[in-house]
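Trainee: Residues per chain, in single letters:
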Amino acid sequence: MSIEPYSEDQRDALQEITNIAMGQAGSSLAQLLDVFVVLSVPRVRIVEVDSVPESVEEMVEEADCVTVARQAFYNNLRGETLVIFDHRGCKDMADLMGHDGSLDENAEEELILDVSNILVGAVLNGLGEQIETDFGFTAPNIMARSVPVDTVLSKETLGWSHALFIEVNFSLEDRGFKCHLIMLMPEESIELMRQSLDKILESF
Amino acid sequence: MNADIDSQSFLRFIVDRVNVGVVVLNKEMEVLLWNNFMELNSGYSSDDMIGKNLFESFSDLPKKWLEKKIKSVFILKNFAFTGWEQRSYLFRFKHNRPVTGNIDYMRQNCTFLPIMNDAGEVQAVCITVFDVTDTSIYQTKLKEAMGRLEEMSIRDGLTGIYNRRHLENQLASEFDRVRRYGGILSIILFDLDHFKNINDTYGHLAGDEVLKSISSRLEAVLRNSDIAGRYGGEEFTVILPNTDAEGAAILAERLRKEVEESEIIYDGQKIPVTISVGVTLLSDNIENHEMLLNQADTALYYCKENGRNQVKLFDKTMTLI
Chain A
144 MSIEPYSEDQ RDALQEITNI AMGQAGSSLA QLLDVFVVLS VPRVRIVEVD SVPESVEEMV
204 EEADCVTVAR QAFYNNLRGE TLVIFDHRGC KDMADLMGHD GSLDENAEEE LILDVSNILV
264 GAVLNGLGEQ IETDFGFTAP NIMARSVPVD TVLSKETLGW SHALFIEVNF SLEDRGFKCH
324 LIMLMPEESI ELMRQSLDKI LESF
Chain B
34 MNADIDSQSF LRFIVDRVNV GVVVLNKEME VLLWNNFMEL NSGYSSDDMI GKNLFESFSD
94 LPKKWLEKKI KSVFILKNFA FTGWEQRSYL FRFKHNRPVT GNIDYMRQNC TFLPIMNDAG
154 EVQAVCITVF DVTDTSIYQT KLKEAMGRLE EMSIRDGLTG IYNRRHLENQ LASEFDRVRR
214 YGGILSIILF DLDHFKNIND TYGHLAGDEV LKSISSRLEA VLRNSDIAGR YGGEEFTVIL
274 PNTDAEGAAI LAERLRKEVE ESEIIYDGQK IPVTISVGVT LLSDNIENHE MLLNQADTAL
334 YYCKENGRNQ VKLFDKTMTL I
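Residue numbers (my numbering), protein chains in the order written: chain A, 144 to 347; chain B, 34 to 354.
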């Protein structure tokens, strides 16, 4: 299946709404934790399935041992988000999230799910507001725990050829914590998003 | 008949009677709604609970954490979740598997939903409590079974030590690790001397007993970080991370001696057993883990040629077999 790439205007519009949505996610996290959150400029593009494992690997620096929370969202647009955490950050966050005492495995997973859910909820609400879509969400779950990053998404398990791929990094000022958010919307969602973007462009 | 009134009363009925806990809390953590599921499971009626602070009635709730969670829904206007896999339950309720469950309390997945007014402010938070006790029991059983299968798939059936497939996987990943991050790696390959004779003289069951006995001795000699397994018939491999050639040779000699001095008794007869041991260190010119194994195998071959019951370290003068 061939996919018509987004026009320059469409790309700009998507970049803009993504920036706003990611900004909202960052400020949600900041508000919750009462710390300053730094985020990278979101990268937005259409990818072929072959390049996905590589793209994921590229953005995560400490690739040896990551834990991944997965969450799905749906309306007419549907997709999944992955939030990838490296290890040192989790413990750093425990006290900020109101966990008592030492952090056992379950508490750490819960923390990862909490943070992931907050980011994903904020991003998608932000995105949804701008393209006038009210997303439904599934509960997040732990997709992989302490695995090398190149095993997180393997080509064989991905049943699509193209997807809209949005990625951003979040980190906390003065702390080791870092996480990476990836949003993937396969196939028909690319076209649906194009229609939403055109609608936004018309309204200018 | 007024359809609107009907649908409202339907909704009220459903919220009350649906087999899911529904609780609504205001900012002060006071209960605004407490449905039938919550009544039945907690023993507190709706009348008991409405207007009361949730934490006063349930002192065993994880207050600090839960308050923070609920507040985050008010502040961020975002839903939140808890799952049984991380937190078994929120409310300490009895479950419906008192006979077959073998768990303490009802397993729960909970959702926290912001209830917003027209101005977009969060007025209250709705907590829904799903009983996932059955799911959790099945999931736990499945996980245990998967764990056992995984363990079985990497173990040798006779001796219980790692099998060839696992050894090769481990060796490949150790090889990659050293190539990527540096460090050293040695391996030992050893073979029981004249194993065929043992089988012929004492029988196959005796042969099996020898293999089992060697395996348990092997595990006793090794350090925690060493990975040992049965590579084939009477052939064993030991992967020694962070070990130089000298260290590997010392360990190999200890192993050889341990086997030589061991008293393997089968059916009242003492079976003498010796081993030939090939040792090699990963050097720069080795391209893959198969080549490393090949070097150890070559060293082992030289032991066999040289009279057996000995240790040989691979060196470049040896011709690869």
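One thing to keep in mind: the hints can contain errors.
[Said to hold, decoys possible] In silico BS3-like links for lysine-lysine, alpha-carbon gap of 27 Å or less:
#: 1; chain 1: B; residue 1: 101; chain 2: B; residue 2: 85
#: 2; chain 1: B; residue 1: 245; chain 2: B; residue 2: 174
#: 3; chain 1: A; residue 1: 321; chain 2: B; residue 2: 337
#: 4; chain 1: B; residue 1: 96; chain 2: B; residue 2: 85
#: 5; chain 1: B; residue 1: 337; chain 2: B; residue 2: 245
#: 6; chain 1: B; residue 1: 127; chain 2: B; residue 2: 85
#: 7; chain 1: A; residue 1: 321; chain 2: B; residue 2: 176
#: 8; chain 1: B; residue 1: 85; chain 2: B; residue 2: 104
#: 9; chain 1: B; residue 1: 96; chain 2: B; residue 2: 127
#: 10; chain 1: B; residue 1: 127; chain 2: B; residue 2: 101
#: 11; chain 1: A; residue 1: 298; chain 2: B; residue 2: 101
#: 12; chain 1: B; residue 1: 303; chain 2: B; residue 2: 349
#: 13; chain 1: A; residue 1: 321; chain 2: B; residue 2: 101
#: 14; chain 1: A; residue 1: 321; chain 2: B; residue 2: 104
#: 15; chain 1: B; residue 1: 97; chain 2: B; residue 2: 127
[Unchecked claim] Covered stretches of chain A, going by a simulated chain B footprint (3 or more residues, C-beta under 8 Å):
#: 16; region: 155–162
#: 17; region: 258–265
#: 18; region: 268–277
#: 19; region: 289–303
These are calculated hints, taken from the structure and not from any lab test.
Using N, Cα and C, we set each Cβ at its ideal position, and we do this for glycine too.
Trainee: The structure should be examined with respect to each hint, and the outcome stated for every one.
Mentor: Hints and how they fare:
Taking the CA atoms of residue 101 (chain B) and residue 85 (chain B), the gap is near 19 Å; set against the 27 Å cutoff, the hint holds. For the hint pairing residue 245 (chain B) with residue 174 (chain B), the CA-to-CA distance comes to about 31 Å; that exceeds 27 Å, so the pair is violated. A distance of roughly 56 Å separates the Cα atoms of residue 321 (chain A) and residue 337 (chain B); the hinted pair therefore is violated under the 27 Å criterion. This hinted pair checks out: residue 96 (chain B) and residue 85 (chain B) have alpha carbons roughly 15 Å apart, not beyond 27 Å.
Of the pairs offered as hints, the one joining residue 337 (chain B) and residue 245 (chain B) holds, with about 22 Å between alpha carbons and a cut-off of 27 Å not exceeded. A distance of roughly 23 Å separates the Cα atoms of residue 127 (chain B) and residue 85 (chain B); the hinted pair therefore holds under the 27 Å criterion. For the suggested pair residue 321 (chain A) and residue 176 (chain B), the alpha carbons sit about 30 Å apart, so the restraint of at most 27 Å is broken. A C-alpha spacing of about 18 Å is found between residue 85 (chain B) and residue 104 (chain B), which places the hinted pair at or below 27 Å, so the restraint holds.
Taking the CA atoms of residue 96 (chain B) and residue 127 (chain B), the gap is near 20 Å; set against the 27 Å cutoff, the hint holds. Taking the CA atoms of residue 127 (chain B) and residue 101 (chain B), the gap is about 26 Å. The hint holds against a cut of 27 Å. Simply put, residue 298 (chain A) and residue 101 (chain B) have alpha-carbon atoms about 39 Å apart, too far for the 27 Å limit, and the pair is violated. The suggested pairing of residue 303 (chain B) with residue 349 (chain B) is violated, with an alpha-carbon distance near 39 Å, which exceeds 27 Å.
Between residue 321 (chain A) and residue 101 (chain B) the alpha-carbon distance is near 22 Å, which keeps this suggested pair within the 27 Å criterion. Simply put, residue 321 (chain A) and residue 104 (chain B) have alpha-carbon atoms about 24 Å apart, close enough for the 27 Å limit, and the pair holds. Distance restraint check for residue 97 (chain B) and residue 127 (chain B): the Cα-Cα separation of roughly 24 Å lies within the 27 Å cut-off, and the hinted pair is therefore satisfied. Chain B is given as covering the region 155–162 of chain A, and this is violated because 0 residues of the stretch bring a CB closer than 8 Å to a CB of that chain, at least three being needed.
Against chain B, the region 258–265 of chain A contributes 4 residues with a C-beta closer than 8 Å to a partner C-beta. That satisfies the three-residue criterion, and the hint holds. Check result for the region 268–277 of chain A against chain B: violated, 1 residues qualifying (beta carbon to beta carbon below 8 Å, three or more required). Coverage of the region 289–303 of chain A by chain B is violated [criterion: at least 3 residues with CB-CB distance below 8 Å; count 0].
Of the hints listed earlier, those the structure fails to meet are numbers 2, 3, 7, 11, 12, 16, 18, 19, in rising order.
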